[in-house]
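Participant: Here's the letter readout for the chains.
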Amino acid sequence: MEALLQLEGIEKRFGDTEVLEGINLTVGKGEFITLLGSSGCGKTTTLRIIAGLEVPDGGRVYLSGKDVTNLAPDKRDVNMVFQNYALFPHMNVAENIAYSLRLKKVSKADIKTTVKDALDLVQLPGYESRMPNELSGGQRQRVAIARAVVNKPKILLLDEPLGALDLQLRRQMQKELKRLQTALGITFIYITHDQEEALDMSDRIALMRNGHFEQIASAEEIYNRPKTTYAAQFVGGANIIKGTVKYLKSENAVIEVSGGEIEAKTRGAQIKEGDRVTAAIRGENLEINPASETYSGLAATVTDKSFSGGMLRITARLADNTEITCHRQGIDCQYAAGDNVKLALKDAGAVLVDLEGGI
Amino acid sequence: MKVKNRAAKSSLLMAMPMYVFTILFTFGPLIYMFALSFMRRQATWGVINEFYAGNYLRILEPVFSGVFAESFKLALITTFFVTLFGYPFGYFMAKLPPKHKNRAMLLMIVPFWTNSLMRLYGWIIIFRSNGILDSVLIALHLSEKPLRLLYTYPAVVVGMVYVLLPFMIYSVYSSAEKLDWSLVEAARDLGASKTYAFLTISLRLTMPGLLSGIILTFIPSMGLYFIADILGGNKVALVGSIIQEQLLRARDWPFAAALSVALMAATSLTLYLYRRITRSEDLEGLV
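Just so you know, the protein sequences line up as chains A and U, in that order. Start counting the first sequence at 1480; every next residue gets the next number (my numbering). Start counting the second sequence at 194; every next residue gets the next number (my numbering).
Honestly, I wouldn't trust all of these hints.
Think about it this way: if two alpha-carbon atoms lie no more than 16 Å apart in a straight line, the pair counts; the simulated EDC-like pairs of lysine to aspartate or glutamate are [stated by the list, open to error]:
no. : chain 1 : residue 1 : chain 2 : residue 2
1   : A       : Lys1825   : A       : Asp1754
2   : U       : Lys387    : A       : Asp1553
3   : A       : Lys1657   : A       : Asp1679
4   : A       : Lys1728   : A       : Asp1754
5   : A       : Lys1825   : A       : Asp1811
6   : U       : Lys387    : A       : Glu1533
Cβ-to-Cβ under 7 Å is the rule here; a few derived chain U residues that face chain A [stated by the list, open to error]:
no. : residue
7   : Arg321
8   : Leu376
9   : Ala379
10  : Arg381
11  : Gly384
12  : Ala385
Negatives, chain A to chain U, calculated, CB over 12 Å [what the hints assert, rightly or not]:
no. : residue
13  : Asn1558
14  : Asn1630
15  : His1672
16  : Glu1740
17  : Leu1797
18  : Ala1816
What the hints contain is simulated information worked out from the structure, not anything from laboratory work. Quantities reported herein were computed from a predicted structural model and do not represent experimental measurements. Glycine included, C-beta positions come from ideal geometry on N, C-alpha and C.
Let's have the full structure, built from the sequences with the hints guiding it.
Facilitator: See the structure below:
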């Protein structure tokens, strides 16, 4: 894939706070990449640096191979959809969308057709003469997107564009954004703190934390093979178990943990018997069984259960007080708080995290 | 529906004192003044109770109409300079970080705690020949002899601008503070230069503040006469000073009233035309 945008060792400080600690990122042409992280992790600052609204204290920004680190925002082929939409309140929808076209001295007739096409694209035909304050949140969102893409930028930056919308509208807009991205073929750099949104939409996810990237990988990779405890927990809320390596078995390690032993993927990391390691296990990779001789697995005691989204979450506690949550479909459950159970690992559902040198 | 009616009634009742006050102390005197302007003066003191239009005809005499023109010119010049200095001041003040913003606001307000007459006498000390300004300029070799600025037209303009500037600054400031900075960023992001973004976004959205600032400057500067008296000596005659003179010294109350009515009419007409030209619906309830 052709590298369209490159961030090299970007640093940024606001006063005494280090917001970005020298981050590197390469984004390809036509890619949908999501910067995922909790608030204050530096994702908005990263986006503003790409847009040119902020100048980094260190590092370089390359756009199509050209150094644009100190280039003003109006000189960059990059457009942004602001979190609060930032529609010009004194202009109607058509004037908002035409703002950048007027600057380029496009003829009036061309502006009219381009604006019409843009409104068709975001499914708001005939809204030309509406004022921003006459639109709903979702409609403003669409206008903001139309305004940003009408210029055919190389990259569209989206700063939590769905943050202010209700859940139903969010899901709908997610699909539409994805459709738009495919239709336009523009690179999207998308910011969100919602991991489900990130997993659903992105080609790649760049998980951010305290001004650095924890992991940059496809949704599948991050979900199945999280690199760190943070990545495992932030994306999909995996269980974390600490234990000691008992012996190695081809690509897996057998780890002794509280209440039994589990097998986890080592991902080629250099570990040996007796090492203290951390493993991440997805809730859906655990099976819960009664505590009897017929079943193997980790001995645990049920502490809690909850039902949401068609999924039952049973929380159990190991002897060393590690909490483990198992997921399963349907609401039926024969276990109650206080029951002794055994937790069995399905397939090779555990993976070691926080390793030096692993993939 | 009944409840709503009762609420409306009680709020009307609550507003009653305000209506009474306004009628008694604003409309009352205005009507009295208007009536007075159509009466004739008595030889020594008081008025003769009969209809007389001569006061208004007298205003048309060159001596008086010239003064009107002079006042209008000074008001325009003052408004121009107040806008020139006040707009950027208020605009950038709104962009300061909160801590500095409050400090700047305090610095602007503190002089208000001193009577403006007192502050104008301060300008006399600065402007008078061999005063502070002259001494500084001569010491810096920027001027060889005293400028003798006191009792000149520029001194009056400086005084007017000085007194009226805070109204413009505050007016622009309150408008600029509400300006969402991300709109300017969006404009820049969409390809606008700093100047173009300022003109199409910042200036346009702070226009209500600028317009009300202009009005808050222009109206008082038509009537302010004590600044011209103090810093202009007798050289700059304004409508305000003539009204004062007619009222207190010549004791021609009807003529003073006629001049006041004419001044009010001129100011209102200017505002009306101004509103027509700018087609401004958003003067923040000032006009």
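Participant: What are the numbers of the hints the structure violates, in ascending order?
Facilitator: 1, 5, 7, 13, 14
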